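Novice: Spelled out from the first residue to the last, the chains are:
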Amino acid sequence: MVTDLKVNSIKQKDYRSNSLWRLTLRRIFRQRSAIFGMTLLGFLILIAIFAEVIAPYDPIQPLIGIENVSKREGPCIHLFGCPKDRPQHLMGVDGNVRDQFSRVLYGSRYSLYVGFTTVSFAILVGTILGAVSGYFGGWWDNIIMRLMDVLMAFPSLLLAITIVSVLGPGLENALLAIAIVAIPVYARVVRASVLSVKEQAYVSASLALGGSHFHILLRRILPNAIPPLIVQGTLGIGTAILDAAALSFLGLGAQPPTPEWGTMLGTERNQVFTAPHLVFFPGAAIMITVLAFNLLGDGLRDAIDPRLTHQK
Amino acid sequence: MIAYTIRRLLLAIPVMVGILVVTFTLSRLIPGDPCKAMLGEKATAEVCDRFRTQYGLDKPIPVQLGIYMGNILKGDFGMSIRFSRPVTIILIERLPTTIELGLTSLMIAVLVGIPAGILSAVKRNSIIDVITMVGANIGVSMPVYWLGLILAYVFALLLKDTPFWLPPTGRLSAGVVSVPFYQVLGWDFPKESLRFHIVEFISNLYILNSLITRDWTVLKDAVQHLILPSIALSTIPLAIIARMTRSSMLEVLKQDYIRAARAKGLLRRTVIFKHAFRNALLPIVTIIGIQVGTLFAGAVLTETIFGLAGVGRILFEAITARDFPIIQAFTVVIAAGYVIANLIVDLSYVFIDPRIRLE
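Which chain is which? The protein sequence lines are A and B, in order. So that you can map any letter, position 105 of the first sequence is 124 in our numbering, and since no number is skipped, the others follow by simple counting. So that you can map any letter, position 96 of the second sequence is 293 in our numbering, and since no number is skipped, the others follow by simple counting.
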C-alpha cells in the first residue's frame, strides 16, 4: 500500500515536469531577457492600443492657430523647468508644427503592424515552400531551394528596395517587399524540420494507415517545425521593423504625413544639427521596439532549444 | 585546394546568372519609361524611339538579356542611361569608396567584437559580461542611419572645437586632393587600357593611395572622414560577432581538454588563446562571412547619411531613376562580393582547423 502511494506520487511528479508546454513555459520565465523583452513588448502593445487616450495631440493635425509654438521647437517639459505658461511638448514640435510625442506614440501602431503582418505572410509562404521542398524532394526541392538561394545571395534591404521600386512606394508595397525578402529563412527552417522527421517510423505508420500527404504534412510533420518557427519569427519581426523603417527613411515606405518612425526620421534628417530631438526620439523608439523582439526571441530560443537545457 | 576553389567558383556561376536574370527582369518591370525619365516628359515619340534604339531598349526583353550577358563576358557593362558614361568607369569610381568603408567597418567589428566576446565568455556572468551582452543586444537593434545621424551630431557639432571633432560628410575635405599614385610615380598608360582601369581603381582607394604616395595630409583627412560612417556601419556586425564569439567560447571552455590543460599547469592566458579560442574560431569566421551581406545593405543607408558616393547610394539612386545598366552591374558586383567573401571563409577553415579537408 505504502509502496503504491510512493509510485503514484513519483508518477505524478514525472508527468508534471515532463509536460512539454509546462517545461517550456517554465524555462521561458527563467530567462531574464525573455521576461524583459515580454514586459517591454506588452508596454508597447498597450501604447499602440491606447495611443488615442495617451497622446495629448492629434498626430497629423498641425498646431498652427491652436497653440503659439514655432516649428521644430525643442522639448518643453514642465517637470524639468519649462515655464508653466507654455504648452508642454515632451519631445518637442516637428517641422510641420505637430506634437512629436503624439506622433511617436502613434508610430508604435505602424511598427507592430509591420512586424506582425510581414512575418506572418513570410512564415505562411515559407512554410508551404519549405514543406513541399522537404517532403517531396527531387525536382521540387531543387527548384525551390535554388530560388531561395538566389533570394538569399542578395542583401535583403537592396532586394526590398528593388521590389518596392517595381511596385511603387507606399507602406503596403514596402510590407510586401519585406515579406518576400524574409521568405527564404522560414522555408529553410521548415525544410530542415521536415527532413529531420520525414523518415521516422511514425510518419511511415501514418502513411501505411492511409493518411494523405496533406494530412501527414499538416498533422504529423509540420508541428515539429513550430518551435523553431516561433523563435525565428520573433527574431524576424525585429528585422522586419528595422527594414521597414529603413525603406520609409529612404522615402519608399510609409509616406508623410503618416506618423511612421522611419518616415519621421527621413523627413527631418537634414535637421539633425538644428533640431536633434526630431531625429533622436523616433530612432530610439525603433531601437526599443526591435530590442523587445530580439530579447524575447533570444529568450525563447534558449528556452526551446533542447541542446541548451543544461547550460546556465 | 586549388581544385576546390575552382569548383566553388564554377558553382557560383549559376547563382550569379540567376541573380542577373532576376535583377534584369525586375529592373525591366519597374514602371516608368527610362526615356521620359531621362529626357523629360516632353520628349517626342520620335526622340524616344531613337533613345530606345541607342540603348537597345527596343528589342524584346529576352533578346536584351542575351545581348547583355554576351557583353558582360567581354567586360562591358553597357552605358549608364542617367550619366551617359560607361558603367565600368562608374564602377571604378564608386566601388573603392564602398570597399574602403566596408573593410574598415569589418575591421572594427572583428577587432572589437572578438575580444569583447572572449572577455565576456571568460568572465561569464560578471559585470563585464552583462554590459557586453546588453551592448550587443542594443547594437543589433539599432537603425544604422539613426546611429549615423546621432554620431554626426555628437562629433561634428557638440565636439566642434575639441580635438575629437570629425567631419560629418564626404570622403575628403574641400581643398584636399588625392593625387593618384601612378601620376606621382610617373607611370603612363593609354586611357582605355585594362591596366589603366586597374591602377585607376587602386588609386581611388584613398587610404591605400596616400600610403603609396606618402601624402600624410590626405591620409589623415581620408581616415577622419571614414571614422564615423565605419562606426555606424560596424555596429550590427560587431554585436553579432561578439555574441557568436561568446557562445562559441562558452561551448569550448567547458570541454574536458580545457580543464586538462589548466590542470597540467598551463597559464590561463595560454589556455584561453591557444586551446580554447583556436577551437572556437570556426563558427565565428562563418558568421563574419555572412556579415558581408549586412555590410552591403547597410552601405546604402550609411552612404546616404554621410554623403559618400559609393555603390550603395548609386544603386539606390539608379533604382529610382530607372538606370537599368547601373542597377544590373552593381547588383552583380555585390553578389560577387558576397560569393567571394563566403569562398574565403570556406577556404580559411583549412587553416583554422587542419582536420578539415576540402573535397
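FYI, nobody ran anything at the bench for these hints, they're computed from the structure. Please note: incorrect hints may appear among the correct ones.
[Unchecked claim] To spell it out: a stretch of chain B is covered by chain A in this simulated footprint if at least three of its residues, at any positions, have a beta carbon under 8 Å from a beta carbon of chain A; those stretches are: (1) 210 to 222; (2) 335 to 341; (3) 345 to 356.
[Stated by the list, open to error] Each computed SDA-like pair below joins lysine to any residue, with the alpha-carbon atoms no more than 25 Å apart: (4) A:Lys90 - B:Leu348; (5) B:Lys320 - A:Cys101; (6) B:Lys357 - A:Ser52; (7) A:Lys90 - A:Pro295; (8) B:Lys239 - A:Val185; (9) B:Lys451 - A:Asp321; (10) B:Lys233 - A:Val185; (11) B:Lys320 - A:Arg49; (12) B:Lys233 - A:Pro188.
Since we're looking at a predicted model, the values are computed, not measured. Beta carbons are placed, not taken as given, at the ideal position from N, Cα and C, and that holds for glycine.
Novice: The structure should be examined with respect to each hint, and the outcome stated for every one.
Specialist: Hint check results:
no.	hint	in the structure
1	210 to 222	holds (count 6)
2	335 to 341	holds (count 6)
3	345 to 356	holds (count 6)
4	A:Lys90 - B:Leu348	holds (24 Å)
5	B:Lys320 - A:Cys101	violated (45 Å)
6	B:Lys357 - A:Ser52	violated (39 Å)
7	A:Lys90 - A:Pro295	holds (13 Å)
8	B:Lys239 - A:Val185	holds (23 Å)
9	B:Lys451 - A:Asp321	holds (18 Å)
10	B:Lys233 - A:Val185	holds (17 Å)
11	B:Lys320 - A:Arg49	holds (21 Å)
12	B:Lys233 - A:Pro188	holds (19 Å)
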